[in-house]
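Residue numbers (the numbering used here), protein chains in the order written: chain A, 1 to 115; chain B, 116 to 226.
Quick caveat, the hints were computed from the structure, so don't treat them as lab data.
Hints may be right or wrong, so weigh each one.
Stated by the list, open to error - Using C-beta positions, here's what the derived DEER-type ranges look like: (1) E130/B / N62/A: 46 to 54 Å; (2) A168/B / A96/A: 17 to 25 Å; (3) T143/B / Y101/A: 13 to 21 Å.
To be verified - Subject to a maximum C-alpha distance of 25 Å in a straight line, what follows is the list of computed DSS-like cross-link-like pairs (lysine-lysine): (4) K71/A / K175/B; (5) K175/B / K192/B; (6) K41/A / K175/B; (7) K9/A / K40/A; (8) K40/A / K71/A; (9) K213/B / K44/A.
To be verified - If the Cβ cut is set under 7 Å, some of the chain A residues that face chain B in the computed set are: (10) L27; (11) G28; (12) K41; (13) F42; (14) L43; (15) M46; (16) E100; (17) Y104.
Every residue, glycine too, gets a C-beta built ideally from N, C-alpha and C.
What follows is each chain in one-letter form.
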Amino acid sequence: DTAVSQTPKYLVTQMGNDKSIKCEQNLGHDTMYWYKQDSKKFLKIMFSYNNKELIINETVPNRFSPKSPDKAHLNLHINSLELGDSAVYFCASAMADRVEYYGYTFGSGTRLTVV
Amino acid sequence: GDSVTQMEGPVTLSEEAFLTINCTYTATGYPSLFWYVQYPGEGLQLLLKATKADDKGSNKGFEATYRKETTSFHLEKGSVQVSDSAVYFCALIDSWGKLQFGAGTQVVVTP
Chain A
1 DTAVSQTPKY LVTQMGNDKS IKCEQNLGHD TMYWYKQDSK KFLKIMFSYN
51 NKELIINETV PNRFSPKSPD KAHLNLHINS LELGDSAVYF CASAMADRVE
101 YYGYTFGSGT RLTVV
Chain B
116 GDSVTQMEGP VTLSEEAFLT INCTYTATGY PSLFWYVQYP GEGLQLLLKA
166 TKADDKGSNK GFEATYRKET TSFHLEKGSV QVSDSAVYFC ALIDSWGKLQ
216 FGAGTQVVVT P
């Protein structure tokens, strides 16, 4: 039973295309996140949803649009892909009132390569 | 804002050597502190945590102690194995509930 699952694991696409990454968690958590990991392994938070409501929206190009149909799912849609979008994208989840004790649970990542 | 600074890698060690990865933080208040590990090609796994000053987190032979006086949370392991080769991230939960990471330290253990 995968706790936080992302699909696809690998995504290779051409510049200018539109693509989506899906994330699902079966932990009963109420908050989900997207992180971007660059080529130097640096991790930066992009978005967070709590019970389907956007609560964190960092400085991210508006080509990136998260969508949360329910609290167990958080998808990331990217329009007009650029070379600089190549990275590993991680989904994570947590219980908002327990993050200090348990941190976040992460998915295995989606490696996006834009060519 | 809150932030985490950790030593740059890569750190290269022989098997059975002692490992220390330094981590210091800047925060208002006393945030919970975490170490995450990323094995090659995998996601991030929680390695250990500490929620208050003087707490010691431990797991898989790794330890870290929350030092309020030095705002530090250094990771240590007494005898590393090749299977410990990974990238290690120090992190804190900031006042907004966001998990903020350090830059990561790659550890390479050779036989």
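Taking the hints in turn, this is what the structure says about them:
1. Between E130/B and N62/A, the C-beta spacing of about 49 Å keeps the proposed range 46 to 54 Å intact.
2. Distance hint check for A168/B and A96/A: the Cβ-Cβ separation is about 24 Å, which falls inside the suggested range of 17 to 25 Å.
3. Remark: the range hint 13 to 21 Å for T143/B to Y101/A is upheld by a beta-carbon distance near 20 Å.
4. A distance of roughly 32 Å separates the Cα atoms of K71/A and K175/B; the hinted pair therefore is violated under the 25 Å criterion.
5. Taking the CA atoms of K175/B and K192/B, the gap is about 9 Å. The hint holds against a cut of 25 Å.
6. This hinted pair checks out: K41/A and K175/B have alpha carbons roughly 23 Å apart, not beyond 25 Å.
7. For the hint linking K9/A to K40/A, the alpha-carbon distance of about 19 Å falls within 25 Å, and the restraint holds.
8. As the CA atoms of K40/A and K71/A are separated by approximately 31 Å, the hinted pair breaks the 25 Å bound.
9. About 10 Å separates the Cα atoms of K213/B and K44/A, which keeps this hinted pair within 25 Å; it holds.
10. The restraint placing L27/A at the interface with chain B is violated, with a minimum CB-CB distance near 13 Å, outside the 7 Å limit.
11. The closest approach between the C-beta of G28/A and any C-beta of chain B is roughly 17 Å, which is over the 7 Å cut-off, so the hint fails.
12. Proximity of K41/A to chain B holds as hinted, the smallest CB-CB distance being about 4 Å (cut-off 7 Å).
13. Evaluation of the F42/A hint against chain B yields a held restraint, the C-beta minimum of about 6 Å falling below 7 Å.
14. Evaluation of the L43/A hint against chain B yields a held restraint, the C-beta minimum of about 4 Å falling below 7 Å.
15. For M46/A, the interface hint is violated, since its Cβ never comes within 7 Å of a Cβ in chain B; the closest pair sits about 11 Å apart.
16. For the restraint placing E100/A at the interface with chain B, the shortest Cβ-Cβ distance is roughly 4 Å, inside the 7 Å limit, so the hint holds.
17. Checking Y104/A against chain B: minimum C-beta separation of about 5 Å stays under 7 Å; hint holds.
Checked against the numbered hints listed earlier, the structure breaks hints 4, 8, 10, 11 and 15; every other hint is satisfied.
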